[in-house]
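Undergrad: These are the residues of each chain, in order.
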Amino acid sequence: MAVGPMTAQAFFVLTALADGPRHGYGIVKEVADLSQDRVRLKIGGLYGVLDRLAVEGLIEPDREEAHDGRLRRYYRLTSEGRRALAEEAELRAASARVVRARLGPSGAEAAG
Amino acid sequence: MSGDLERRYRRVLRLLPGWYRQQWEEDMVAAFLDGWLTGDPAADEYIRKAAGPSWAEAGSVAGLAVRLYLGGAGAPRRYFAWGQAVRRFVLTVLLMHAVVALYVLVLASWSHRLFGLPAPPASVLTVSPDGLWPAVYYVVNLGWVVTFVTLALGHYRTARILAALAIIPDLVALLQSRLTGVMPAPFGSWALWVLLSVTPVLAMAAFHRDAPPVPARPWLLALPAGCLLVYGPVLAAQLTGNAAWLPDFAGLCCVIIAAACVVHTPRALSHRAADSGVWSLTLVLLAVDAGIYRLVTLGTYLHDPHLINVSLTELLILLAAAALVAPDAVRAQTATPAPPPYPGTMAA
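The listed protein sequences derive, respectively, from chains A and B. Heads up: the first sequence begins at 1 in my numbering, then just goes up one per residue. Heads up: the second sequence begins at 113 in my numbering, then just goes up one per residue.
Source of the hints: derived by calculation from the structure; they are not laboratory data. Glycine included, each C-beta is placed from N, C-alpha and C at the ideal position. Just so you know, not all the hints are guaranteed correct.
[Said to hold, decoys possible] Distance windows between CB atoms, simulated: (1) Arg38(A) with Arg269(B): 17 to 27 Å; (2) Ala8(A) with Arg120(B): 24 to 34 Å; (3) Ala168(B) with Glu90(A): 28 to 38 Å.
[Said to hold, decoys possible] Just so you have them, the derived chain A footprint on chain B, three or more residues with Cβ under 8 Å: (4) 145 to 156; (5) 176 to 186.
[To be verified] Quick partial rundown of chain A residues pointing at chain B, CB under 7 Å, derived from the structure: (6) Arg22; (7) Arg38; (8) Arg40; (9) Gly44; (10) Gly45; (11) Tyr47; (12) Val55; (13) Tyr74.
Okay, chain B solo, but in the shape it has when bound (with noise of 0.2 Å):
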């Protein structure tokens, strides 16, 4: 009756969860045609076929989706283990790129010799001199920093935007680099940005009003917490001489997730940690984008076998801890617990 026009918006309606679709579809064509006919037969005929569903009316059905497939408040207990999961995914590489902030800040302070200190030690990596680029590398790593307080807080919004700005700059550098040959500041690689940057930016969709808000205190305290496990070690291997030992930054992601996924196995085995199986999800999550990255850096190294052998041993580490969390996150999505019930009367 309604031909192509009906057509063309429940092919729209597909981007929703079967549930969903099945307890809404029927409803939201009536009345999106509604919208659309007039009643006149003639001018309702040429509706049919030559209008469609406008890109902000295809925009409202892809947010609806988002916010059903990473599902918060109300959402059934799959779509609320995955939302979660991604959710806590965000926050995490957030955290790292804070922590490798403050530890490039702590570097440069250092090696600029602010605050009265010494000079650093020859053994400890400084940073790249003045200029234009530099001081933006600064700012973006400073901007990392307010970005994971600011959701952490809660403020879901301000840091999406934040984060949007901070992955500018290295996009720039990174084309100006394949222009010019020249990479202007200690910028990352096109897979760092991908993989780290972008991935998280538009994962951070899963912040939506429907979201449970965040525990700020335990996140807020991992901050600190991940500068003193993570570059401590980092700093001790450097000023004794031993940085030969400590691997790149892929590798390092490697072993920091296969860490954490061994720490979590015993809870992920118990099965009596209720919420063990969103966390075991978020380390699988970690686990795939880091092997990626690990994957996609091995190139750098084809001209050494002994690295690229170090890379696949980091690679293999990663894949056997992430195997351990694996049965738990799968099972995350039925065992998880029921998500909480809508905050109030829609709150925003």
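Excised from the complex, chain A in its bound form (with noise of 0.2 Å):
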């Protein structure tokens, strides 16, 4: 799989599943917590995240669960799917690691 750079909104959703298998607005409302409300997902904005991530083969369905008359569907991670967040969180870390380095001191203070 070629890589490129990651949306913010798959990064989380892979983030989302990495630690088990969620359901469609289990992953909206972990997104939301992890990325601090910074990222919020609507339903049709999620589905076209998890098609995509589905068609690259990084996330894939675990189960169905029958909730309040609704079948609920399960996502999780696949193995390609693993190693690409791994690869990408090593990316955001070493860039964050220049741009601290960069700033110094002070841009800690800043940072609050």
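The task is to assemble the complex, starting from two chains supplied on their own in separate frames and drawing on the hints.
TA: Right under this line is the structure:
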């Protein structure tokens, strides 16, 4: 799989699934928590992202559970998805290290 | 069980193509209802009756629908073909705007004797005098050139903003003309504005995050080529006193698109060129747009049967030429090369 820049939405959706399978709305809530409300997915946006991640082989359906008369479908990371997420996290961490080094102590103070 | 709330959301989901709904609808409905229902029977009863998808929620579904119908990477062939055809339609109409704009700016420079040019002959149409509105007109023309180049270079969002700004002065001038009876600058008609400005600006929605990159070089080269091929002969006719033979702008659009259809026909009939069907579909879209424009502008010639006949002939030529490529355009929806996979991991 070719690696390109990952959108914030895809990054947080993959992160939301890193500790176990989740259903659609569970992902929406987890993404909002993980991003401290910076990424707020609408359902249309969520399924646009899930569709792409599934086509890319980064996530797959896990199971279906009945809830209140409806079926909730759970999704999980594939091994490819776990690897892509780890690579992206490393890339972002490396970028953050470079920025911190450039800013020096004054940057940390400015960020509060 | 979930009553009106579910029904309202399913109604919004009808915006999505059938194949997509088949795959994702139940999941989307479940996720949507999970976001609303609290587990408290009394509260849920009220929510089911009173609540509905927000504008933002409906907007996210509409955005998804646009990305799916005007498909990009990963879309089914049919929707990818439509997406590519609409993207090329937009680029072609913006190219037309840019070519006209360059011609207008060249004439303006000439008539103002910029760069030490000698005065143009009287037979060459010169543009309007100085003033606020003519200045706005020149800026708008320059704006179309910048918009086209920006889009061809792949800066989709910037191009969308520039194009949306470029159509506003025309609207203001048209409204002023409607109210006062005086057109403040040589802006076009309502038909021109709707069909050749608003339509492509709306169709720019096809340049979404899944759209494949535009091959910049051929489109950028098409700008000087278009100026030479279209306005070279126009200028030559004006300089030699043969301007009476020139068609009006709607006629010029019909003739150029008809010529493009004829040139493309051998490829369309050969069925060998992999990408020919998408170009055929693009030409059909252009022909429909130009044909409607020609039809609408017939009204301005009601006083002159000769001009009506000329206009109808242009329309017939356009229809006949479009009919040559139409079968290939239909075939494009199944025979278009498979779309590229998603560009890496969710590249935006």
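Undergrad: Quick check: which numbered hints come out false for this structure?
TA: Hints 6, 7, 8, 13 not satisfied by this model.
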